[in-house]
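Number of protein chains: 4
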Amino acid sequence: MGTSERTIRVTVWNENVHETTEEAVRQRYPEGIHGAIAAGIRDQLGAGAAVRTATLADPEHGLTEEVLADTDVLTWWGHAAHGEVSDEVVSRVQRHVLGGMGLVVLHSGHLSKIFRQLMGTTCTLRWRAGDDRELVWTLKPHHPVARGVPSPIVIPAQEMYGEVFDIPDPDELVFVSSFTGGEVFRSGCVFYRGNGRIFYFSPGDQAYPVYHQLEVRRVISNAVAWAAPTGDGRDAPKLRNSPLGWYDEEAEGQS
Amino acid sequence: MGTSERTIRVTVWNENVHETTEEAVRQRYPEGIHGAIAAGIRDQLGAGAAVRTATLADPEHGLTEEVLADTDVLTWWGHAAHGEVSDEVVSRVQRHVLGGMGLVVLHSGHLSKIFRQLMGTTCTLRWRAGDDRELVWTLKPHHPVARGVPSPIVIPAQEMYGEVFDIPDPDELVFVSSFTGGEVFRSGCVFYRGNGRIFYFSPGDQAYPVYHQLEVRRVISNAVAWAAPTGDGRDAPKLRNSPLGWYDEEAEGQS
Amino acid sequence: MGTSERTIRVTVWNENVHETTEEAVRQRYPEGIHGAIAAGIRDQLGAGAAVRTATLADPEHGLTEEVLADTDVLTWWGHAAHGEVSDEVVSRVQRHVLGGMGLVVLHSGHLSKIFRQLMGTTCTLRWRAGDDRELVWTLKPHHPVARGVPSPIVIPAQEMYGEVFDIPDPDELVFVSSFTGGEVFRSGCVFYRGNGRIFYFSPGDQAYPVYHQLEVRRVISNAVAWAAPTGDGRDAPKLRNSPLGWYDEEAEGQS
Amino acid sequence: MGTSERTIRVTVWNENVHETTEEAVRQRYPEGIHGAIAAGIRDQLGAGAAVRTATLADPEHGLTEEVLADTDVLTWWGHAAHGEVSDEVVSRVQRHVLGGMGLVVLHSGHLSKIFRQLMGTTCTLRWRAGDDRELVWTLKPHHPVARGVPSPIVIPAQEMYGEVFDIPDPDELVFVSSFTGGEVFRSGCVFYRGNGRIFYFSPGDQAYPVYHQLEVRRVISNAVAWAAPTGDGRDAPKLRNSPLGWYDEEAEGQS
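From first to last, the protein sequence lines are chains A, B, C and D.
For the first sequence, my numbering begins at -3 and goes up steadily by one.
For the second sequence, my numbering begins at -3 and goes up steadily by one.
For the third sequence, my numbering begins at -3 and goes up steadily by one.
For the fourth sequence, my numbering begins at -3 and goes up steadily by one.
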């Protein structure tokens, strides 16, 4: 069935604040975090993906109705400026996700408006900026998102994210991480919402070169390929009246 | 039934619009839908529950910080006036649910702000006002919410609610209903969010005397008993910094 | 990413007892139930699938180590002779499923040794042979298994299967059916076990021509495509000693 | 804690092989591992539990039909002699679990016949005998099984159990552990099967005094209280014919 012949249209979103205000981050990510993520996806998926980027400073944050309608999978990175993202854009993104657009939420994006709005919980966690080594363990070796990565992925230095991570139980739990300090974290989580597929992946921080690491790029690219819609059309669930019953309606096909 | 020595503090919330504007509904529910639901809970749980009611027209809809702090389980009925519920009150209720307060959402409450905000999806469905007979089948006979009710519960006349019901996969699916028209619906759904327990139960409508039916009252009462917090305190998840690691923190107990 | 370039190797298994002992069934399924199922898959998947059949009467029921190693997805139909299936063959099939082989269990296969052994429960249900009309409703319109079928699928005459269906909670619930008698049934259930994907689909009976119906053939074919392994190799989970720790092991890749 | 007026009838089962063949284990657990577990439950639940023990060497391993019918919750410890447990007894225990008896499986019991038979998977994992420090983190602070224990529980020296743990996705994931070596493990898992509740808890080994540790005893006791049946009667799911339909059957109540 595979979506393999199709080119997946990817929009990589980044608030792009740390890179424009902190010299160390600019040096670490000279093309921005979005640039590094986009490069990783292009590198991994090649002709299988058409990747563009968008940032907070763009008009409508670069996420107009037209852009979203032309996007199969959106990736999201934010941290310092969650509050500056327009509620209208967030609701628009939510509508597209429920209609079938894939969403890959990265690292500090756990506190983004769009993730919290889709989860319904606080999405809070425990954290420490302490150069912990992170080990990312695979729980589901045959899951498409885990394809081709070692278990564990070793990230030499990272921010610690630990439990309790206040999310609904993931529909599939693909990765769990441990840190030097002994903490654990559900670092790779699948959620199905409406007709859309959501993957949360925690590795990655403005203070560490995580998005240059091959295995991390592979997971993100796997997630993009996995989250691409399998149905045709952007088809958000809606209230439907059946006054006469199903037998009087026209057949409704799914595709 | 579990927390049997404790008296469960229940707040029954109702928008109370149909009853005050439509004579037929007033006659069907002379004490309001909230009155019928409260009577059912009092009848079933007896001294095990202390039940009060609150409605849309009350100041702050009757859901002040003080009332919620004094509530173990909140039940929610709304239909015609979802949009009139204050966003501030909705966020307050959400915070209490994530902190451990139980929530029982009834029937057309599926489109309430509070339910949609906790689910993150559209919560839309298929419906018909056509006097269908509803059969409520138990999938989990030993679930506390199904205690003491026949399978199926036969509701002689009801609004039809059918799939697709756009919700996250329930953490537990207790009841599924069928209707005269042949439609099916996940009519009894458990969700765990934050530290709170949520039960959605679909039978019940302003146009039918469903909340006077014994089996329906029993399910709602079971749900109230089940949703009551097992932990002590209203303890919403929060962001927590662990700069020195778990070993330097004071022990954190749960209760 | 898509299995679309690969040809899926399918083995359609059938006990083939009713067809060889009852004239009415022979006339309904002149090529056997396995013949009808195989024809449906060939028709739907075309060059995407290489389909063979195997039956109870074959040596080792046609399910030798060699055949299973050469099978991506196995479909299972049985009813009258569950007890005659060799325990050794059942354990062999289970090992292949846990290693990544897809399994599609059909109708009365719910009581087969292999399904009960993989589920761990009784897999019992409620039933009636009464020419009920079955309506198969889609709960997840964008699930690959639901692709291209109407909701509901109308099956004019069928055996009734009703709840309680004693299975573990499905990892994904794709279809729920209703019957003329008002019963409901989880008719399309996804289970992930080990590295394998399992789909249970209830429509289908020796007494009705269900496997000649287009929509049913489409669901079975969708399920076959979906259940095909995404990893490389038949890789059953095993006990693994890590005496020196992960850092001393050779990297373990998944593919 | 819930079923507080009732006395929970607990049977603590242990193969009792290491204690009778290895002097070091005998000294660590002079009353046997079962003795230590039983003492912990008695200490924590007091008059709320009536605890007896049974071992492999007893006739029918001490698990006759009469004993099981008189047991609300069974705890299981085994390691060296899984293969010596009679298949007939295992099937009997499985039948009681599906009928509503609670089951708490401990540590190396993950490879017991009863656990593998109920799970349907290999239940294999990664392990190391290397005196790792285990940290047991709570993911669900308000879950009854986590009541009153710190997060993390610190176990000074333990056998390492790591992922991949080949189990079906737990219905609820309460604890995740990390180890000195950096491995992670789903150490507290809830499974609902039939009418029964199952909890798997990994801390504990014949080579370490884990079952003397207060927090571990509290978790096991919490699990016992939580797993006690909420329904009345030992009611295994069964095949049920409804020739005339639900409307002609006697009402079936649950209790």
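It should be emphasised that the hints constitute simulated quantities derived from the structure, not laboratory data.
Mixed in with the good hints, there may be bad ones.
All copies of an identical chain are treated as equivalent in the list; a pair is satisfied when it fits inside any one copy or across any two copies.
Within a straight-line C-alpha distance of at most 16 Å, the following computed EDC-like cross-link-like pairs (lysine to aspartate or glutamate) qualify [stated by the list, open to error]:
hint, residue 1, residue 2
1, Lys109, Glu80
2, Lys136, Asp167
3, Lys136, Asp231
4, Lys136, Glu61
5, Lys136, Asp228
6, Lys234, Asp127
7, Lys136, Glu84
8, Lys109, Glu211
9, Lys109, Asp39
10, Lys234, Glu168
11, Lys109, Asp127
Exercise. Between copies, within a copy, both or neither: which fits Lys234 and Asp127 at Cα up to 16 Å?
Worked result: neither (46 Å within a copy, 23 Å between copies)
Exercise. What label fits Lys109 with Glu211 when the C-alpha limit is 16 Å: within, between, both, or neither?
Worked result: neither (28 Å within a copy, 38 Å between copies)
For this session: Pop the pair Lys136 and Glu84 into one bin, within, between, both or neither, using alpha-carbon distances up to 16 Å.
Result: Neither: 37 Å inside a chain and 27 Å across chains, both beyond 16 Å.
Problem set entry | Alpha-carbon proximity between Lys136 and Asp167, which holds within one copy, between copies, both or neither at 16 Å | So Lys136 and Asp167 pass the 16 Å test inside a copy (13 Å) and across (14 Å) alike.
Exercise. Is it within, between, both, or neither for Lys136 and Asp231, if the alpha carbons may be no more than 16 Å apart?
Worked result: For Lys136 and Asp231, the Cα distance is within 16 Å only across copies (12 Å; inside one copy 30 Å).
Problem set entry | 16 Å Cα threshold - placement of Asp127 relative to Lys109 | neither (27 Å within a copy, 41 Å between copies)
Problem set entry | Homomeric proximity label, Lys234 with Glu168: Cα distance no greater than 16 Å | So Lys234 and Glu168 fail the 16 Å test inside a copy (26 Å) and across (21 Å) alike.
Exercise. Between the shortest in-copy and the shortest cross-copy C-alpha distance, which are at most 16 Å for Lys136 and Asp228: within, between, both, or neither?
Worked result: between (28 Å within a copy, 14 Å between copies)
For this session: Measure nothing new, just compare the shortest in-copy and cross-copy C-alpha distances for Lys109 and Glu80 to 16 Å and report within, between, both or neither.
Result: within (10 Å within a copy, 23 Å between copies)
Problem set entry | Status of Glu61 relative to Lys136 across identical chains (alpha carbons, at most 16 Å) | Neither: 36 Å inside a chain and 25 Å across chains, both beyond 16 Å.
For this session: Go through the copies and call it for Lys109 and Asp39: within, between, both or neither, with a Cα cutoff of 16 Å.
Result: neither (29 Å within a copy, 43 Å between copies)
In the structure shown, a violation is registered for the earlier hints numbered 4, 6, 7, 8, 9, 10, 11, in ascending order.
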